[in-house]
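Residue numbers (my numbering), protein chains in the order written: chain A, 8 to 432; chain B, 8 to 432.
One or more hints might be untrue.
Copies of one chain are not kept apart here, so a pair can be met inside one copy or by any two copies together.
The list that follows gives simulated cross-link-like pairs (lysine to aspartate or glutamate, DMTMM-like), each with its CA atoms no further than 20 angstroms apart [as the list claims (entries may be wrong)]: (1) Lys27 to Glu17; (2) Lys350 to Glu411; (3) Lys38 to Asp74; (4) Lys319 to Asp219; (5) Lys306 to Asp56; (6) Lys249 to Glu339; (7) Lys249 to Glu16; (8) Lys134 to Glu239; (9) Lys286 to Asp148; (10) Lys428 to Asp172; (11) Lys212 to Glu16; (12) Lys139 to Asp74; (13) Lys137 to Asp40; (14) Lys374 to Glu17; (15) Lys286 to Glu66; (16) Lys317 to Glu239.
These aren't lab readings, by the way, just hints derived from the structure by calculation.
There are 2 protein chains.
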Amino acid sequence: MNYLTTSREELLREYEELKKTYAAVCAEGLKLDLSRGKPSAEQLDLCEDIFSTLTTGAEARAENGFDCRNYGVLDGLPEAKKLFSDLMGIPAEYIIVAGNSSLNLMYDAVARALLYGVVGSEKPWGKYEKIKFLCPSPGYDRHFGVTQSLGVELITVPMTSTGPDMDVVEQYIADPTVKGIWCCPKYSNPEGITYSDDTVRRLVKMQPAAADFRIFWDNAYAVHDLYDDHDELLDIFAEAEKAGCLDRIFYFASTSKISFPGSGIAMMAASPANLAQIKPIMGMQTIGFDKLNQLRHVKYFGSAEGVMKKMKEHATVLRPRFEATLRILDEELSGLGIASWTKPRGGYFISLDVMDGTAKRVYTLCKEAGVTLTTVGATFPYGIDPSDRNIRLAPSFPALDALEQAMRVLVCCVKLAAVEKLLAE
Amino acid sequence: MNYLTTSREELLREYEELKKTYAAVCAEGLKLDLSRGKPSAEQLDLCEDIFSTLTTGAEARAENGFDCRNYGVLDGLPEAKKLFSDLMGIPAEYIIVAGNSSLNLMYDAVARALLYGVVGSEKPWGKYEKIKFLCPSPGYDRHFGVTQSLGVELITVPMTSTGPDMDVVEQYIADPTVKGIWCCPKYSNPEGITYSDDTVRRLVKMQPAAADFRIFWDNAYAVHDLYDDHDELLDIFAEAEKAGCLDRIFYFASTSKISFPGSGIAMMAASPANLAQIKPIMGMQTIGFDKLNQLRHVKYFGSAEGVMKKMKEHATVLRPRFEATLRILDEELSGLGIASWTKPRGGYFISLDVMDGTAKRVYTLCKEAGVTLTTVGATFPYGIDPSDRNIRLAPSFPALDALEQAMRVLVCCVKLAAVEKLLAE
Chain A
8 MNYLTTSREE
18 LLREYEELKK
28 TYAAVCAEGL
38 KLDLSRGKPS
48 AEQLDLCEDI
58 FSTLTTGAEA
68 RAENGFDCRN
78 YGVLDGLPEA
88 KKLFSDLMGI
98 PAEYIIVAGN
108 SSLNLMYDAV
118 ARALLYGVVG
128 SEKPWGKYEK
138 IKFLCPSPGY
148 DRHFGVTQSL
158 GVELITVPMT
168 STGPDMDVVE
178 QYIADPTVKG
188 IWCCPKYSNP
198 EGITYSDDTV
208 RRLVKMQPAA
218 ADFRIFWDNA
228 YAVHDLYDDH
238 DELLDIFAEA
248 EKAGCLDRIF
258 YFASTSKISF
268 PGSGIAMMAA
278 SPANLAQIKP
288 IMGMQTIGFD
298 KLNQLRHVKY
308 FGSAEGVMKK
318 MKEHATVLRP
328 RFEATLRILD
338 EELSGLGIAS
348 WTKPRGGYFI
358 SLDVMDGTAK
368 RVYTLCKEAG
378 VTLTTVGATF
388 PYGIDPSDRN
398 IRLAPSFPAL
408 DALEQAMRVL
418 VCCVKLAAVE
428 KLLAE
Chain B
8 MNYLTTSREE
18 LLREYEELKK
28 TYAAVCAEGL
38 KLDLSRGKPS
48 AEQLDLCEDI
58 FSTLTTGAEA
68 RAENGFDCRN
78 YGVLDGLPEA
88 KKLFSDLMGI
98 PAEYIIVAGN
108 SSLNLMYDAV
118 ARALLYGVVG
128 SEKPWGKYEK
138 IKFLCPSPGY
148 DRHFGVTQSL
158 GVELITVPMT
168 STGPDMDVVE
178 QYIADPTVKG
188 IWCCPKYSNP
198 EGITYSDDTV
208 RRLVKMQPAA
218 ADFRIFWDNA
228 YAVHDLYDDH
238 DELLDIFAEA
248 EKAGCLDRIF
258 YFASTSKISF
268 PGSGIAMMAA
278 SPANLAQIKP
288 IMGMQTIGFD
298 KLNQLRHVKY
308 FGSAEGVMKK
318 MKEHATVLRP
328 RFEATLRILD
338 EELSGLGIAS
348 WTKPRGGYFI
358 SLDVMDGTAK
368 RVYTLCKEAG
378 VTLTTVGATF
388 PYGIDPSDRN
398 IRLAPSFPAL
408 DALEQAMRVL
418 VCCVKLAAVE
428 KLLAE
């Protein structure tokens, strides 16, 4: 039955059925959560032997003999740089290995640009009346939050199946106050889309009016594949170098979803010119990051291959959750004409578009039935989804049976909200 | 012999003797370092069993059951707050337990004030043409560096034996663009002076023209006593509350010199009103700090008493180094009329004032003899010691015999530089 083309009579019957199902669900007193892009306890257990990696001070030496228990080394241990370099396929000399949070590095990068400017800036970004950032949407709420918090104006750019709509991007960058763009280029949050080669090339070939424009390249899911047959992302540094705009890239990643969220290690990568500007300022901010945790990670994983082996174990835990989510969406919502969703081959999210104008209603219905969804609108600048249709599903955290239960509630609510709306029209 | 009152003849003889001693020292090809306020390897070994504190995931739960391996908890584990609260004698509800660096928290606090303002600000500090910070000097170069890097003008305030010269402070704060003061109130860097009760009370009772004035209270050496008979610092929060200016205090500390520099845990403490402004911004900057390291510290030390026990072990390692340094200063420089120094009962430094106008010369003479001192001037704003006389001695890092050797070189250079100057007059 396609809800959009079926008779009103049929729809009323469906409505009665859905109400019954929904009432039954509500009576169960569920307490389920589909909102959090967190690894499950099962995944966290995969790395628990990291705790026994450093057990005496003698093990706390870097390869160059440096005692990692003491002060020193601003920009990360050489072996930690090498690990990220091998893993991400980018030059070690572009890399700073820092603390526990890549988000913190991104926030600090924007704050630093506001306070000092970046390479090529005429003045600190904070000295402009107003600067703007491009926000491909749906996107990651915490990206948008960083710039919003720091007083930067957010401009929504639509996402396509190949990344941000580059025609729109190319229009906006003619404005010299547009200083940057947020990108989650592989298995994007929340759609799980990987930017096409063409998108990456257009990002480095475009000519922003702002000479100090920066692409914030948050490669959060660089190695977070669910399948051997995984997405491939073009090397943006290599492309930027060819295009003569190497300084345009601020690159970020972390082991938050490799080892532990909040207790992993994060990195920023940028051109030598950028690093020459950033490091002295960073050296005023801190004497150095947690080198023991860097060393712990290097010793535990051993190599990029060691990380990739662990990522296969993560995939084994995550895959059934993604597949169950997609199966239920498919079984319950296919052909109704009221919803579409992405089928990511990696990352942490699935993006569900429900009937326009019903996402908030779905959220409320789910809430009342005991299922927490990501706040509707969170995936758009200022928390406002103009079409009120996008819902970010995070299948990673719940146990499989809880996930399936939550998904059954969700699809019921998606249908109920759509029928309500169609009947009211 | 007092160099200032002795005959020129006598001085010339002394000069010849000193030149011989110095030449002999230079011939030894030493390579010694008195510049670094770092714990020695012996001290780092004291905490090496912390590495085996968390060895399975089951141990990674906070007292409230929270899985510290996952995302969440912005402002620190409750038990980590309690540890700092007990240790510092300040309310747990004022405390944020953060990452590995209190300097980073201080930098971020100034940056945040520039970008957002603080409680009571009319506008962000960055919106002023110019703001200023008071810098009690000699002081900690990295404090001054934070504000200098962020474009804040530095004003030198003389240190006295009871803390900053409060008469001078009270004059400067009549200027509404004076927004803050850097304080290292216990065993100050570099003098090892602890602020008197009167100084603490005047700091909270003074009436700055800037309603949003902040005291940056870096209690870096709060529990870093060398002797049982140790200095006592008045509780600034209690005094500020009595004086009705609780919001004036930004308080910082860390375990950098308790467990490991760079791999410890740091804290900021402030009034509930300040925290209500800070935490939402911090929540944009990061999802959370390294809770596993917080938990590791809590489990390892067990309690404030556990920390104090470890501090006694640190003192056992540090005390002979301080005493050797002071003994050599006393033996070699007493009564010459050319030098004075502090005798701290804790902290990491001894402050040596040589004859005016000779500190740089002493630095160079030492350098050429293979002994590295802290850069002369570093203890003053903009790296300029107006009297060219202050030298920060850091006795903690070298082995005892190397320290004594370095001190013998230093005192020779102090004398030589003084005699050179006196003979040239």
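Results for each hint:
When the C-alpha separation of Lys27 and Glu17 is checked against a cutoff of 20 angstroms, the pair qualifies only within one copy, where the shortest distance is 16 angstroms, while the shortest distance between copies is 109 angstroms. Taking identical chains as interchangeable, the C-alpha atoms of Lys350 and Glu411 lie at most 20 angstroms apart only when both belong to the same chain, with a minimum of 17 angstroms there against 69 angstroms between chains. Taking CA atoms no more than 20 angstroms apart as the test, Lys38 paired with Asp74 passes between copies only; the shortest distance there is 19 angstroms, against 48 angstroms inside one copy. Taking the shortest alpha-carbon separations for Lys319 and Asp219, neither the intra-copy value of 39 angstroms nor the inter-copy value of 53 angstroms comes in at or below 20 angstroms.
With identical chains, the CA atoms of Lys306 and Asp56 are at most 20 angstroms apart both within one copy (11 angstroms) and between copies (18 angstroms). For the identical chains of this complex, Lys249 and Glu339 are neighbours neither inside a copy (47 angstroms) nor across copies (65 angstroms), given an alpha-carbon limit of 20 angstroms. When the C-alpha separation of Lys249 and Glu16 is checked against a cutoff of 20 angstroms, the pair qualifies neither within a copy, at 62 angstroms, nor between copies, at 74 angstroms. Taking the closest pair of Cα atoms, Lys134 and Glu239 never come within 20 angstroms of each other, the shortest separation being 39 angstroms inside a single copy and 45 angstroms across copies.
Proximity of Lys286 to Asp148 under the C-alpha cut-off of 20 angstroms is restricted to the inter-copy arrangement: shortest distance 18 angstroms between copies versus 28 angstroms within a copy. Taking CA atoms no more than 20 angstroms apart as the test, Lys428 paired with Asp172 passes in neither setting, with 30 angstroms inside one copy and 72 angstroms between copies. Taking CA atoms no more than 20 angstroms apart as the test, Lys212 paired with Glu16 passes in neither setting, with 55 angstroms inside one copy and 78 angstroms between copies. For the identical chains of this complex, Lys139 and Asp74 are neighbours neither inside a copy (44 angstroms) nor across copies (38 angstroms), given an alpha-carbon limit of 20 angstroms.
Taking the closest pair of Cα atoms, Lys137 and Asp40 never come within 20 angstroms of each other, the shortest separation being 38 angstroms inside a single copy and 49 angstroms across copies. In this assembly of identical chains, the alpha carbons of Lys374 and Glu17 never lie at most 20 angstroms apart, being 27 angstroms within a copy and 92 angstroms across copies at closest. Taking identical chains as interchangeable, the C-alpha atoms of Lys286 and Glu66 are never at most 20 angstroms apart, the minima being 28 angstroms within one chain and 37 angstroms between chains. With identical chains, the CA atoms of Lys317 and Glu239 are at most 20 angstroms apart within one copy only, with a shortest distance of 19 angstroms there and 52 angstroms across copies.
Taken one by one, the earlier hints fail for this structure at numbers 4, 6, 7, 8, 10, 11, 12, 13, 14, 15, listed in ascending order.
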